[in-house]
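Chain order of the listed sequences is W and U.
Here the first sequence is numbered in this note's numbering, starting from 1 and rising by one per residue.
Here the second sequence is numbered in this note's numbering, starting from 257 and rising by one per residue.
Don't read these hints as lab results, they were simulated from the structure.
Heads up, a few of these hints could be off.
[To be verified] With a Cα cut of at most 30 Å, we get these calculated DSSO-like pairs of lysine-lysine:
#1 Lys122(W) <-> Lys461(U)
#2 Lys70(W) <-> Lys388(U)
#3 Lys139(W) <-> Lys459(U)
#4 Lys390(U) <-> Lys459(U)
#5 Lys390(U) <-> Lys129(W)
#6 Lys388(U) <-> Lys139(W)
#7 Lys388(U) <-> Lys128(W)
#8 Lys388(U) <-> Lys589(U)
#9 Lys248(W) <-> Lys388(U)
#10 Lys70(W) <-> Lys203(W)
#11 Lys129(W) <-> Lys459(U)
#12 Lys122(W) <-> Lys588(U)
[What the hints assert, rightly or not] Some chain U residues judged to face chain W by a derived CB distance under 8 Å, without partners named:
#13 Tyr464
#14 Tyr467
#15 Ala476
#16 Ala479
#17 Thr483
#18 Gly484
#19 Glu539
In this text, a Cβ means the ideal position worked out from N, Cα and C, and glycines have one as well.
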Amino acid sequence: MSDTTVTTEKKEPIMALQGVSKYFGGVHALEDVDFEGYPDEIVTLVGDNGAGKSTLIKILAGVHQPSRGKILFRGKPVEIPSPRAAQALGIETVYQELALIETRDVPANFFLGREPTRGTSKIFVDRKKMVNDTVHTLKDLGIVLPSLRTLVRYLSGGQRQALAIGRVMPWGGQVIIMDEPTAALGVRESRKVLDLVLQLKEKGCSVVVISHNMRHVFNVADRIVVLRGGRKVGDRMKSETTPDEIVKLIVGAEML
Amino acid sequence: MEPDKPFSTEEDPARFQSEGALTRFARNQIATLALILLAMVVVLSLSTRTFLTATNIFNVMRAFSWIAIASFGQSIVIIGGGIDLSAGSNMAFSGIITAMLLVEGVNVALSIGAGLGITLLVGLANGLMVSKTKLPPFIATLGMMSIVRGFCYGLTQGWPVRGLPRSFVALGQTDLSFFIWRVPLPAVIMVCFAVLVYILLDKTKLGYHTYAVGGNEYAASLAGIFTGRVKNVAFTLSGLLAGVGGILMTARLGVAAPTAASGYELDIIAAAVIGGISLTGGEGNVWGALIGAAIMQILRNALVLLGFPAYWQPAAIGAVIIGAVMIDMYRKKSI
Ligand SMILES: Nc1ncnc2c1ncn2[C@@H]1O[C@H](COP(=O)(O)OP(=O)(O)O)[C@@H](O)[C@H]1O
Ligand SMILES: [Mg+2]
Numbered sequence: 001m002s003d004t005t006v007t008t009e010k011k012e013p014i015m016a017l018q019g020v021s022k023y024f025g026g027v028h029a030l031e032d033v034d035f036e037g038y039p040d041e042i043v044t045l046v047g048d049n050g051a052g053k054s055t056l057i058k059i060l061a062g063v064h065q066p067s068r069g070k071i072l073f074r075g076k077p078v079e080i081p082s083p084r085a086a087q088a089l090g091i092e093t094v095y096q097e098l099a100l101i102e103t104r105d106v107p108a109n110f111f112l113g114r115e116p117t118r119g120t121s122k123i124f125v126d127r128k129k130m131v132n133d134t135v136h137t138l139k140d141l142g143i144v145l146p147s148l149r150t151l152v153r154y155l156s157g158g159q160r161q162a163l164a165i166g167r168v169m170p171w172g173g174q175v176i177i178m179d180e181p182t183a184a185l186g187v188r189e190s191r192k193v194l195d196l197v198l199q200l201k202e203k204g205c206s207v208v209v210i211s212h213n214m215r216h217v218f219n220v221a222d223r224i225v226v227l228r229g230g231r232k233v234g235d236r237m238k239s240e241t242t243p244d245e246i247v248k249l250i251v252g253a254e255m256l
Numbered sequence: 257m258e259p260d261k262p263f264s265t266e267e268d269p270a271r272f273q274s275e276g277a278l279t280r281f282a283r284n285q286i287a288t289l290a291l292i293l294l295a296m297v298v299v300l301s302l303s304t305r306t307f308l309t310a311t312n313i314f315n316v317m318r319a320f321s322w323i324a325i326a327s328f329g330q331s332i333v334i335i336g337g338g339i340d341l342s343a344g345s346n347m348a349f350s351g352i353i354t355a356m357l358l359v360e361g362v363n364v365a366l367s368i369g370a371g372l373g374i375t376l377l378v379g380l381a382n383g384l385m386v387s388k389t390k391l392p393p394f395i396a397t398l399g400m401m402s403i404v405r406g407f408c409y410g411l412t413q414g415w416p417v418r419g420l421p422r423s424f425v426a427l428g429q430t431d432l433s434f435f436i437w438r439v440p441l442p443a444v445i446m447v448c449f450a451v452l453v454y455i456l457l458d459k460t461k462l463g464y465h466t467y468a469v470g471g472n473e474y475a476a477s478l479a480g481i482f483t484g485r486v487k488n489v490a491f492t493l494s495g496l497l498a499g500v501g502g503i504l505m506t507a508r509l510g511v512a513a514p515t516a517a518s519g520y521e522l523d524i525i526a527a528a529v530i531g532g533i534s535l536t537g538g539e540g541n542v543w544g545a546l547i548g549a550a551i552m553q554i555l556r557n558a559l560v561l562l563g564f565p566a567y568w569q570p571a572a573i574g575a576v577i578i579g580a581v582m583i584d585m586y587r588k589k590s591i
């Protein structure tokens, strides 16, 4: 198995997984995986369904705890016991499941779990600020929704995805993770998301994008990490690989 | 769901602004419910002589205030994705604890504090069973319903507690004057609690999180909401508010019976459901529960005034519950 480690730059990774395994009962979702994310860099994480991509990013997002192995953040070993802890470290995640509340309106979803409060009380929600900030961010991102008071239940798949992506933007995260962000999107929408990913890199973020779309992967990636059956089977700079090779790594052709 | 639309799609941006006043009104559940309530009042006022008398209105308001207050707590739980079947038993329990202390000569405030404290703890126990041991709320509170009822019988040996002091009984029987109107104290207390629960659910972070947990628990936890805490608070408040309802009931009846409020949990849940609080969680508000409780009580009253045999009442109430929920489902689908 070829596993080229790439350290062309001398930069230190913002975050790293070292020898991480994750078991769900008898299922080995991840097995002894090393994974790094550097500032100003876009890593795409690819692999077949069930390869362990979502599990990997959920360990970084504080949703799952590794069964084995270490997480390093800015060089120091850390635990990320909850999504809240990940947010506190500056790790922002757009989940494959989008994680929206269908029975609530746009601002409530936009600020889900992090509603701004009025005054010093920390009790009362500052609804005005929620609405204003939602409008501004969505406008900056060129996202138009029918009405902010619409329940998410009535939004289309693309609108939901736009909302799920847009809401992680205002928090100044240094690590931005997107699990299949273009899955529900058409050509133009996908283009916008990819532009956004590039902008995040310009801002110095470490961006992790999961995608099945080879064109999208080669469009934005600096580095491509391939998982198969829970193991890392490839870690290539984009400049040193081809879509062909990546596809072979994904499906596990023997000739490599 | 059309995947091929860009973000900037103009998908019916006008739809929400230009829709007719009628559609907007129909979309507003509370308005619909209030209209049904109003229609009932009008029909009854015209068709019976007694409905619109001060005494009758009084009795209706008194009688539904207990159920309504308990159903505000129930609403918090249901909106948070749970259900609290122990509410009826809790109503009896707070009354019995308070009454037993009162007849021992403990002062009113302390006795009430103890009665409320104990149902608050019962609620917290419900919450912990659901949040820590992951018992389904239906099972946890079904068990608790029986446990608490058992305590009611056990502590009283099955005998009602009588001889409550006037200063306590006054709570359920006093009327306040507002200008020319005289309003029963329990109804005033009910409105106060409605406002408090409305503020909690609609204006606070905790309220936002309650809707989120009920709407999609997994999404709420991914967003960093501590869902267990939210559930603990919801069940605790349901216990407390059932306790408040129980104390007002006991004060009104002047006696605390271990059999009191038997079966009320279903009325309490029905009030919330008629009021548009979806049992799947994440939706509805306290005004719905208030109107739902009023509709049920007025219906009961109407059946009596119209000479409907009392034995058939449950059938009529049941039909209304089913009808109300069907209308609500249809409304949601068609708009
Ligand atoms: N919460 C879970 N409980 C049990 N098994 C899980 C859980 N999450 C993922 N798995 C399993 O782990 C493996 C990897 O899943 P996942 O990380 O979602 O793959 P991918 O995102 O690459 O499609 C799959 O076999 C999946 O069934
Ligand atoms: Mg996945």
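Status of each hint after checking the structure:
1. Lys122(W) <-> Lys461(U): holds, 8 Å
2. Lys70(W) <-> Lys388(U): Answer holds: Lys70(W) to Lys388(U) is near 28 Å, not above 30 Å.
3. Lys139(W) <-> Lys459(U): holds, 26 Å
4. Lys390(U) <-> Lys459(U): holds, 28 Å
5. Lys390(U) <-> Lys129(W): Answer violated: Lys390(U) to Lys129(W) is near 36 Å, above 30 Å.
6. Lys388(U) <-> Lys139(W): violated, 42 Å
7. Lys388(U) <-> Lys128(W): At roughly 35 Å apart (the allowed maximum being 30 Å), Lys128(W) and Lys388(U) break the hint.
8. Lys388(U) <-> Lys589(U): This hinted pair is violated, its Cα atoms lying about 36 Å apart.
9. Lys248(W) <-> Lys388(U): violated, 46 Å
10. Lys70(W) <-> Lys203(W): holds, 28 Å
11. Lys129(W) <-> Lys459(U): holds, 13 Å
12. Lys122(W) <-> Lys588(U): The given pair, whose Cα atoms are some 34 Å apart, is violated under the 30 Å limit.
13. Tyr464: holds, 5 Å
14. Tyr467: Tyr467(U) check passes; min Cβ-Cβ to chain W is 6 Å, inside 8 Å.
15. Ala476: OK, holds: Ala476(U) within 8 Å of chain W, min 7 Å.
16. Ala479: Holds. Min distance 3 Å.
17. Thr483: violated, 10 Å
18. Gly484: Cβ of Gly484(U) sits 11 Å from chain W, so the hint is violated.
19. Glu539: Hint holds; Glu539(U) Cβ to chain W Cβ min 5 Å, cut 8 Å.
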